[in-house]
Amino acid sequence: MNSDRNDEQLEQVRGEIRAAAATLRDRPRLPSSAPAQASGADGIEPARRRYRIAELTDPPYHAFVEHAFRALLKRAPTAAEASAQLDLLGRGASKAEVLGNLRWSAEGRRQHVGVAGLLPRYIVAKLGRVPLLGYLVEWGTSLAALPMLARQLRAADAAISAGDAALAARLQPRIDELRELVHGLGLARDELIRSVDTLDERLRAHAAAAEAVLGDLARRQHDLEGARKDELEFVRRRVYVMNRWFEALQGALAEVESAADRRDAGAREFEARTRDAIASADASRVARLERWSDALDPACVAGARIVTIGDDADWNERWVSKGVAATPLATPRAADAAALRDALARIEDGALAALAVLAFPALLRAMPADEFVAAASRVLRADGFLLIGFAAEPVLAATLAGDAVPAVQPAALATVLAAAGYSTRRVDAADGTPALLASKAAR
Amino acid sequence: MDASASSLAAASGRLRTQEADDALLRRWQTRSTVWAASCDDAGVPLLLDAFDACLAHVDAAARLLVLDHGGEAVVAEAQRRGVGAHVEYVRDGAGARKAALLAADALVACGGTVGTVLDALAVGTPVTGIDAGAAAHVAGVAALLWRMDDSAAGLIACTIERLRADASLRSLLRARGHARVSSLGASSRSSA
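In order, the protein sequence lines correspond to chains A and B. Mind the numbering: the first sequence is residues 3 to 445 in our numbering, read in order. Mind the numbering: the second sequence is residues 5 to 196 in our numbering, read in order.
The following block holds chain A by itself, in its conformation from the complex (with noise of 0.2 Å):
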């Protein structure tokens, strides 16, 4: 509000001056003046053509010069020029040579402005500055003007003591101030001495807890450099222990799968010579193998493979007469399972005319019958026959050498077959062995 109200106001006063501006040239040209001189001031005006000297001479130093420049010269000293005054009066020269030497300088020449008294006193300022000659002049002015400066010490000691006791009274309040800010620094001093004691104790302290701190998690940290070394020590010890006890597992272990293998090896070769003594001793052996290999004869023409699995050399010696190729594969104990998939797996697909098993239910001992059906449906070609014989030799002799058996029926084989796509039909032999000729190609 206070706001508007002076906006409204300078708004007012730029209407009025406004029209003041308006009829300012219709008022009447006033007279030429030269400029105001300032009532009471110092006596000194650019306009004034004549001074006493005293008038120039009384201002002190810096008003000295500039009411030199302004009187003489009717004009302000520049910086330099006040600057050289100064200097002039700072290394013992007088005020009216300072004077003199405006007033007849050049300039102070085209001013001509007259300073009453100036002329004699510049003359003997000047004098003094002759050689000799003005050291003469210098002494004469000195001794008659002794009581003048005497009187003029005594005048000057009055005015400093004056001086002195004036300015003690402006300055003594302001002594008096510094007096008590310096007390009033003293106590702040004094507080800011305590609040830093306070500052160090309190730091002290916490410094001295620090330490116990510090002392406190060394012990510690000792303490668990020695547990751990001590479990280290145990561990390392255990590790040692372990390592003599599975290295003694080790040694019992491979005496144990050394004497497996042992036994193993006698229980192979006790079948082995058990299954060739029945074997030798079956007279009907021959026949048997006749009215199988015959079954086979369609599928093995000469240049044809057959594998047979069993330990059968008279069988294989027929196919090879015969100009086909048989591969016998041993007949397998329960530890040959990896070796008879291993082999089985190495016969490329379709490349069989015939597989034969002359003692299936010894093979059950190393594979299971649904896996080696279907390894035999991968090896077979289209029109290849399957063989499967239940021979007693090698199932007796299995069972001497204390081999577990299993019992399994043909019939029930030919179901597991012809739920795998094979047709069977048996291919007994007279003695009354039985087997199977499964084929995948209709007949």
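For the record, the hints were derived by calculation from the structure and aren't laboratory data. Remember, predicted model here, so these are calculated numbers, not experimental data. We put the beta carbon where it would ideally sit given N, CA and C, even for glycine. Certain hints may be false.
[As the list claims (entries may be wrong)] The calculated lysine to any residue pairs, modelled on SDA-like cross-linking and capped at a C-alpha distance of 20 Å, are:
id : chain 1 : residue 1 : chain 2 : residue 2
1  : B       : 102       : B       : 30
2  : A       : 76        : B       : 100
3  : B       : 102       : A       : 81
[Said to hold, decoys possible] Here are some chain A residues pointing at chain B (derived, C-beta under 10 Å):
id : residue
4  : 9
5  : 23
6  : 64
7  : 65
8  : 93
9  : 95
[Claimed, not checked] Now the stretches of chain B that chain A is said to cover, found in silico as 3 or more residues with beta-carbon under 8 Å:
id : region
10 : 30-41
11 : 62-69
12 : 153-164
Starting from the known structure of chain A, fit chain B onto it as the hints suggest.
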């Protein structure tokens, strides 16, 4: 020389300097109109037109104190116009400038420098002139500024005449000047 004697000597030096500035102030403070002026080259003709109008129709004994660099051009032009005796170039230091501002009825800003306008606002000297340039922008509402046209010279002369006669207007502009300086100082501190 101990510290107290040194301080006493320094104080004595300051007193003597102040004494010289006071002498200038006494010389410039008259019952006639006193202008302080801050102008650039383009503002010289307008400034002297306004001062001529003042001498011719308001106060024949008026005095013009030119503060900024370039005051020689103003003095030369004033002498060419025959009013050189009324014009003075204040080329001394800050003390003389301050004395001129204290002695003047107003500062006339015709362009000129920002620092001179700020000094005038700070010491309470009213500011008038032309509403153009950075100096006028700094003065803002604390100054009585006019558009630069044919009537500007008469408006400036009449503004100073009004300021000499109107104490309430002087106090209003003085208060606004102090507020303006304070706000400018606060904004410069916040931007720093």
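Right, here's what the structure says about each hint:
About 13 Å separates the Cα atoms of residue 102 of chain B and residue 30 of chain B, which keeps this hinted pair within 20 Å; it holds. Our distance criterion of 20 Å between C-alpha atoms is met by residue 76 of chain A and residue 100 of chain B, whose separation comes to about 17 Å. A C-alpha spacing of about 17 Å is found between residue 102 of chain B and residue 81 of chain A, which places the hinted pair at or below 20 Å, so the restraint holds. Taken as an interface hint, residue 9 of chain A checks out: its beta carbon lies about 8 Å from the nearest beta carbon of chain B, inside 10 Å.
Contact between residue 23 of chain A and chain B, as hinted, is supported at the beta carbon level, the nearest pair being about 4 Å apart and thus within 10 Å. Because the smallest distance between the Cβ of residue 64 of chain A and any Cβ of chain B comes to about 4 Å, under 10 Å, the interface hint for this residue holds. The closest approach between the C-beta of residue 65 of chain A and any C-beta of chain B is roughly 5 Å, which is under the 10 Å cut-off, so the hint is satisfied. Residue-level restraint check for residue 93 of chain A is violated (minimum Cβ-Cβ distance to chain B is 19 Å; threshold 10 Å).
Here the hint on residue 95 of chain A is broken, as its CB sits about 18 Å from the closest CB of chain B, past 10 Å. Judged by the Cβ-Cβ criterion of 8 Å, the region 30-41 of chain B is covered by chain A as claimed, because 7 of its residues qualify and three suffice. Judged by the Cβ-Cβ criterion of 8 Å, the region 62-69 of chain B is covered by chain A as claimed, because 6 of its residues qualify and three suffice. With 6 residues bearing a CB less than 8 Å from a CB of chain A, the region 153-164 of chain B meets the requirement of three and the coverage assertion stands.
Hint compliance for this structure: hints 8, 9 are broken, all remaining hints hold.
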